[in-house]
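S.K.: Below, each chain spelled out in residue letters.
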Amino acid sequence: MEYAPAKFHKSARKLAPAGETFTYSPENQRRFDEIVTRYPPDQRKSAILYALYLAQNQNGGHLTAAAMDHVAEQIRCTSAEVEDVVSYYTMFFTKPVGKYVLNVCRTLSCALLGAERVTEELCAKLGIKPGETDASGTFTLLEVECLGACDRAPVVMVNDDWHERLSPEQAGKFIDDIRAGGAAAFTGCHLHKEKK
Amino acid sequence: MAYEPVLTRHVGDQDAYTLDAYVAKQRGYEGLRKALTQKPGEIIDLVKASGLRGRGGAGFPTGLKWQFVLKDTPKPKYICCNADESEPGTFKDHVLMERNPHLLIEGCAIACYAIGAKVAYIYIRGEFYHVQQVLEAEIEKAYKAGFLGKNIFGSGFDCDVFVHRGAGAYEAGEETALIESLEGKRAQPRIKPPFPAVAGLYQCPTAVNNVETLCNVPLIMMNGPEWFTALGPEKNGGPKLYCISGHVKRPGVYEASMHTTLRELIYGEQFAGGMIDEHPFKAIIPGGSSVPLLLDKDLDTPASFDDVQKAGSLLGSAGLIVLNDTVCMVWLAKNLLYFYRHESCGKCTPCREGGDWLFKLLTRIEQGEGQAKDIDLLFGVASNIAGKTLCAFGDAAATPVLTTLKLFRHEFEAHVREGRCTIPAEWRARQPMLAGHH
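These protein sequence lines map, in sequence, to chains A and B. Just so you know, we're using my numbering here: the first sequence kicks off at 1 and counts up by one. Just so you know, we're using my numbering here: the second sequence kicks off at 1 and counts up by one.
Derived from the structure by calculation, the hints contain no laboratory data. Do not rely on the hints blindly, as some may be mistaken.
[To be verified] With a Cα cut of at most 20 Å, we get these calculated EDC-like pairs of lysine to aspartate or glutamate: (1) K125/A to D84/A; (2) K185/B to E73/A; (3) K347/B to E73/A.
[Unchecked claim] Over 12 Å on every C-beta distance to chain B, these chain A residues come out as not near it, computed from the model: (4) A18; (5) F22; (6) Y24; (7) S25; (8) N28; (9) Q58; (10) E73; (11) D134; (12) R179.
[As the list claims (entries may be wrong)] Output of the computed footprint for chain B on chain A, the stretches with three or more beta carbons under 8 Å from beta carbons of chain B: (13) 60-72; (14) 154-162; (15) 172-178.
Quick reminder that beta carbons are idealized off the backbone N, C-alpha and C, glycines included.
Build out the structure end to end from the sequences listed, making use of the hints.
M.R.: Set out below in structure tokens:
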């Protein structure tokens, strides 16, 4: 009797599906090579979070096993070490996400001012539950922990942009605006308002 | 005499974040210039004399922290600036980095010189990407102007400041977890000792300081320790930033001396301006979600490290979350335990398992399905987390349960007795009534 299926080996276990072959674009390779010089030569692993951000952005918002293997090669560590990091931090995704990831802050100060209702409105508008992506692959809705802008509650972070003081009543319109204008709809951050 | 802001005097100006404005209006980089004419040990003595206490939460004297950094070692030394501002209710470092980044950059450079480091890493939370962009652009300008880099002011002192982006982990705000994360690992705390001052980043001597702490250093260099001490009560000197959120008219970051009472911060016209509507004050979390609640009777306490502690809570990160009587305390504890359960790094069993257990118990009670014995069980589980973990996270996670049980046990009992929440449904904070006020 065979001890284990011949083709299986523990090292073949991966956190995410393999995905297509992945290498950094020349631009991302240049940026990685530059960032890695910020750390001592024997401490390349310090650049792992940055390397993963580059890979995730290049891959359209999530990490595949191929992308993580590439990061491991760049850092000169094992794939398991990369997965160890990826599975810990909340800003890395191992499944495809929508073009716009809506992160609604749900912690106390935002919750006091209606964050739960914002989530409800967004769920109703998009027809999905928190943690899901809509059928068109445009929006992913997530509830996240304190974003550190409690004076501008309720806060929603869309990809890397912030939308502050998003009342439940405005939530539906916000989605319409993104559908119509894309990133041009990200006008809700105080920085955007100050630039005007 | 009215208090004159020093950390945030210019943050409202359009050009506040620029190098030119910093040099022109805030005598920018003069503190560093002055520091480089003195011996590193003299700077540590100055900071010690000022009594500057860490603004990240613990209130530990900064000068001492720097003094503990191992001197006789061939290894490089490091400054790590903790900009992983994640404590619920806290958003002061956010303002400093976005509107006054050069004050932090100068503080990093002086700190490096004082402890004998050549590199400072600013560990900023991943969600602050827009703040990071401002900060990195300004660091670039500081290099070009010769305030960072090689041979600063011809003194022979070299200093690099780098921004390191985190990726979403509350625990990375704990100093040894921050170091682990900076080394490219999961943000989990280390067993202490050795403390970072002996074996920190890459096992080298390291000082980890909060953003607001480092921002105070150039001010001490320029104005002297006596000026700093005179700004506040004894042992609580210097300017302080308060983050006020929740049910107040004007939530925001306010700078004041630590003479200012909690009541002034909530009701003062120059501060948060009072409660949001007709609903009266119920309680306040004075230092970020990890500290015990205070009540109306405690509000005349000055918001200083020592006075708030005497009143039975902690100033922590000075994140004041103000609550009115629409807030159900069982719901509040549940909301915060959801946070702690989610953010526990998983290293210590009491915190990892206990946080989840507390959340499940609170959910059961809040939904009206709890039994009387669940309340005692809550207390038992919470008491067995506090003090039994490697870092302060365990205590932080137990606190919302222990403090609500201590001050508002009757609300828990009412949930069990009535089988529902006893706050009128139309008052509930999660209703749109309050959310539409902006």
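S.K.: State for each hint whether it applies.
M.R.: Results for each hint:
1. Taken as a hint, the K125/A and D84/A pair is broken in the structure, with Cα atoms around 36 Å apart against an allowance of 20 Å.
2. As the CA atoms of K185/B and E73/A are separated by approximately 16 Å, the hinted pair is consistent with the 20 Å bound.
3. Pair hint K347/B plus E73/A does not hold up; C-alpha atoms about 28 Å apart against a cutoff of 20 Å.
4. With a least beta-carbon separation of about 23 Å from chain B, A18/A lies farther than 12 Å from that chain, consistent with its non-interface assignment.
5. Its beta-carbon lying about 19 Å from the closest one in chain B, F22/A satisfies the requirement of being farther than 12 Å from that chain.
6. Against the 12 Å criterion, Y24/A stays outside the reach of chain B, whose nearest CB is about 18 Å from its own CB.
7. Chain B leaves S25/A outside its interface by the beta-carbon criterion, the shortest separation being 20 Å against a cut-off of 12 Å.
8. For N28/A, the condition that its CB be more than 12 Å from all CB atoms of chain B holds, with the nearest at approximately 15 Å.
9. With a minimum CB-CB distance of about 16 Å to chain B, Q58/A clears the 12 Å threshold, and the non-interface call stands.
10. For E73/A, the shortest C-beta to C-beta distance to chain B comes to about 15 Å, beyond the 12 Å cut-off, and the non-interface label holds.
11. Annotated as non-interface, D134/A keeps its C-beta farther than 12 Å from every C-beta of chain B; the closest such distance is 22 Å.
12. The non-interface label for R179/A is consistent with chain B: the shortest C-beta to C-beta separation is roughly 23 Å, beyond 12 Å.
13. Counting residues of the region 60-72 of chain A whose beta-carbon sits less than 8 Å from any beta-carbon of chain B gives 0, not enough to reach three: the coverage restraint is violated.
14. By the rule of at least three residues with a Cβ nearer than 8 Å to a Cβ of chain B, the coverage given for the region 154-162 of chain A holds, with 5 such residues.
15. Only residues whose C-beta sits within less than 8 Å of a C-beta in chain B count toward coverage, and the region 172-178 of chain A has 0 of them, not enough to reach three; the restraint is violated.
Comparing the model with each numbered hint stated earlier shows that hints 1, 3, 13, 15 do not hold.
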